[in-house]
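> Sequence:
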Amino acid sequence: VTHLEAFAAGAQTTPEVREDLLTAAYFLEERGRLEAALGAFSRLKAASRDAETGFHYAYALALLARPREALQAYLDVAYTSSSAEWALTSRYRAAELMVRLGRREDAVALYRELASRSEGTVQGDYALRRLAELSPSPEPETAAPLEDPAHAPAPAPR
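Residue 259 in the numbering used here sits at position 96 of the sequence shown; the count goes up by one each step and never skips.
Calculated directly from the structure, the hints in this document are not laboratory data.
Be aware that a few hints might be false.
Between beta-carbon pairs, the in silico distance windows are [unchecked claim]: (1) L294 with E232: 33 to 41 Å; (2) T186 with R266: 29 to 37 Å; (3) G195 with R275: 30 to 38 Å.
Positions of the beta carbon are idealized from the N, C-alpha and C atoms, including for glycine.
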């Protein structure tokens, strides 16, 4: 792993080395070497703005408990990527981070957008389910006042 960390930190981000660097970053991420993986994803992201690298950069930030930075990185992929798949997945991740950060209204707005974009799909159903979970529950109805025993209906015959 140490050799991979050194490679990830020092390798050129040329097109010829890009796949090896990406593989090293994934491996480091899986092994919990998140700072090293983040560094590699950051270098890859600076060299080419592909959606997959941007997504994994955001994911590493989230794993490192840096939710505000992760949210911004997910939103960057969600709204600048030409990859519909990575953009959609990034929107879901962003919505979840919004909830964790206490930005419930922003999350609800994003889930509404996702539900309308993905209507009739598993993703759309998930967005609808999350909307239902995040929507404030209706106020419980107040119980009717107890009837005065003198005016209560007679018990049913036995």
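> Each of the hints needs a verdict: does it hold here or not?
Status of the hints after comparison with the structure:
With their beta carbons about 26 Å apart, L294 and E232 fall outside the hinted range of 33 to 41 Å. A hinted range of 29 to 37 Å for the beta carbons of T186 and R266 is consistent with their spacing of about 35 Å. In this structure the supplied range 30 to 38 Å holds for G195 paired with R275, their Cβ-Cβ distance being about 36 Å.
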